[in-house]
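Colleague: Sequence:
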Amino acid sequence: MLLNMLGSQQMRKALSIAMAGTILLTGCHRKKSAQTPLPPRPGPTASAPEPPTPVAATPESGETGLASWYGHPYHGRASASGEIYDMEQMTAAHRTLPFGAVVRVHDLDNRKSVDVRINDRGPFVDGRIIDLSHAAARAIEMIGPGTARVRLEILSAPAAPSQMHFGVQVGSFRNRDNAERLRRAMEAKYGRARLVARADTPGWWHVVVGMEPTEDGASALANRIRGEDSSVTSAFVVRLDSV
Numbered sequence: 747m748l749l750n751m752l753g754s755q756q757m758r759k760a761l762s763i764a765m766a767g768t769i770l771l772t773g774c775h776r777k778k779s780a781q782t783p784l785p786p787r788p789g790p791t792a793s794a795p796e797p798p799t800p801v802a803a804t805p806e807s808g809e810t811g812l813a814s815w816y817g818h819p820y821h822g823r824a825s826a827s828g829e830i831y832d833m834e835q836m837t838a839a840h841r842t843l844p845f846g847a848v849v850r851v852h853d854l855d856n857r858k859s860v861d862v863r864i865n866d867r868g869p870f871v872d873g874r875i876i877d878l879s880h881a882a883a884r885a886i887e888m889i890g891p892g893t894a895r896v897r898l899e900i901l902s903a904p905a906a907p908s909q910m911h912f913g914v915q916v917g918s919f920r921n922r923d924n925a926e927r928l929r930r931a932m933e934a935k936y937g938r939a940r941l942v943a944r945a946d947t948p949g950w951w952h953v954v955v956g957m958e959p960t961e962d963g964a965s966a967l968a969n970r971i972r973g974e975d976s977s978v979t980s981a982f983v984v985r986l987d988s989v
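In my numbering, the protein residues as written are 747 to 989.
Just so you know, the hints here were simulated from the structure itself, not pulled from any lab data. The beta-carbon is built from N, C-alpha and C at its ideal position, and this holds for glycine as well. Treat the hints with caution; some may be incorrect.
[What the hints assert, rightly or not] The calculated label-pair distances, taken between Cβ atoms and stated as ranges, are:
| hint | residue 1 | residue 2 | range |
| --- | --- | --- | --- |
| 1 | G973 | G873 | 14 to 24 angstroms |
| 2 | A966 | E933 | 36 to 46 angstroms |
| 3 | P891 | H818 | 16 to 26 angstroms |
| 4 | P891 | E829 | 38 to 48 angstroms |
| 5 | L941 | N856 | 18 to 28 angstroms |
| 6 | P891 | R927 | 30 to 40 angstroms |
| 7 | G828 | R940 | 12 to 22 angstroms |
Work out the full structure: start from the sequences and follow the hints.
Modeller: Here you go:
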């Protein structure tokens, strides 16, 4: 009987120890789980670069016509922007685009293209829309032909000033008296005309009519002059860089 009682007590004690161990192990396991650090939050991902601001549409966007090129004797002279013209740089002359505009010139026949920076004024010949430097013309293989059918794509342009002015060039003269006579005749008909001397054409006087705030307004004036004055053989819209 005593042995049975001792056996029962020992069994109960062993059972109690076992249960306590189980609780302890379970508690340790839970404590360990609670202290396991959470994975770090992912840092902010680098944002993708913003796309470049598109160039606002202008009347010259998609302009098509003939390109020509020029080298000597203009090489080393001041351009209309005041920059010294270097015919081996990728530059060009345009009548109305702001100085500093970057334009891609697409040759419509051989599918070649070249990027140029506008730093001069011209060309003042019917049907021609841009005058390329020697280097730019060579890049699209138009040195031999001299001209090429092109389309202009404006890649970038400086911010437009708060006030812009455009006029219509109706003639160029080496003799200032002849230029002055045409200026007076144009002023009598259209209200405003001036003589303009440019650094890129030393010794020449250009007769420019009107001072319009938009290129469209100047285009309308050019059409009016062409329709009303048979003595005017050419009328080109030009940006008035200094007024």
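Colleague: Which hint numbers does the structure go against, in order from smallest to largest?
Modeller: 2, 4, 5
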